[in-house]
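Student: Take a look at the letters that make up each chain.
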Amino acid sequence: MKLSIQVNEGPYQHQCSDSAYNFTKAALEKGHEIFRVFFYHDGVNNGTRLASPPQDDRNVQQRWSDLAKEHEVDLVICVAAAQRRGIVDDGEAERNGKDATNIMDGFRISGLGQLIEAGIQSDRLVVFGG
Amino acid sequence: MLHIVNKSPFERDAFTSCMAHAAADSTVLLIEDGVFAAMKGSTVADQLSKTKVVALQSDVAARGIEANLADGVEMVDYAGFVDLVTDNEKIQSWV
Numbered sequence: 163m164k165l166s167i168q169v170n171e172g173p174y175q176h177q178c179s180d181s182a183y184n185f186t187k188a189a190l191e192k193g194h195e196i197f198r199v200f201f202y203h204d205g206v207n208n209g210t211r212l213a214s215p216p217q218d219d220r221n222v223q224q225r226w227s228d229l230a231k232e233h234e235v236d237l238v239i240c241v242a243a244a245q246r247r248g249i250v251d252d253g254e255a256e257r258n259g260k261d262a263t264n265i266m267d268g269f270r271i272s273g274l275g276q277l278i279e280a281g282i283q284s285d286r287l288v289v290f291g292g
Numbered sequence: 816m817l818h819i820v821n822k823s824p825f826e827r828d829a830f831t832s833c834m835a836h837a838a839a840d841s842t843v844l845l846i847e848d849g850v851f852a853a854m855k856g857s858t859v860a861d862q863l864s865k866t867k868v869v870a871l872q873s874d875v876a877a878r879g880i881e882a883n884l885a886d887g888v889e890m891v892d893y894a895g896f897v898d899l900v901t902d903n904e905k906i907q908s909w910v
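So the sequences go chain by chain: A and B.
My numbering puts the first residue of the first sequence at 163, with every later residue one more than the last.
My numbering puts the first residue of the second sequence at 816, with every later residue one more than the last.
None of these hints come from the bench; they were simulated from the model.
All values reported here derive from a predicted model rather than from experimental measurement.
Hints should not be assumed to be uniformly reliable.
[Said to hold, decoys possible] With a Cα cut of at most 30 Å, we get these calculated BS3-like pairs of lysine-lysine: (1) B:K867 <-> B:K905; (2) A:K231 <-> B:K867; (3) B:K905 <-> A:K187; (4) A:K192 <-> B:K905; (5) A:K192 <-> B:K867; (6) A:K187 <-> B:K867; (7) B:K855 <-> A:K164; (8) A:K164 <-> A:K231; (9) A:K260 <-> A:K231.
[What the hints assert, rightly or not] Just a few of them, taken from the derived set where beta-carbon distance is under 8 Å, the chain A residues facing chain B: (10) K164; (11) N184; (12) A188; (13) G273; (14) G275; (15) G281; (16) I282; (17) V288.
In this text, a Cβ means the ideal position worked out from N, Cα and C, and glycines have one as well.
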């Protein structure tokens, strides 16, 4: 079955990012397709590559990136939420005159239409956090 | 239909709102702090019998309340969570 995930909370904020990751991983292990993971509100903070959590703690951002690489999962960050919180890719850096980028490998920044499309194209859309 | 509740019933009223709306043939899945709603003897325990209530095993274990679950509450792992999602055409997260 084709599933999509919406993540509304940042990493280490509460538990949502962990729940969403564990669910996504379990769904892939059961042979389902993950059409897209959409990061909204503070969820966009899952997509920074500049975090350095303690070595004995999980690295939430890296974990998403590794999952995307292994299973070709489309990780999409909401552009308006990203602009507010300083999640920047090359295009956003140029558009908004920023001197650096911080987006994690495997993530991309796009619009809310990507969430709507995920809802239409997927058999199920599961919302985490908020 | 599958309803997902992730907040404690003693912190937000999501669980109570969910139980007021859930049909008798629905399933309510408790995850994260939502699992506290599954404890026996609490002020919301009488609502558990309205419909089928399932709790995420790892979140129940993390909070040490396995021995205090109300009768009739089932537990699932993440694979079971995925099955609940694919088995139910409609899903509502009460965030």
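Student: Any hints this thing doesn't respect? Which numbers, in order?
Tutor: 2, 7, 10, 13, 14, 15 and 16
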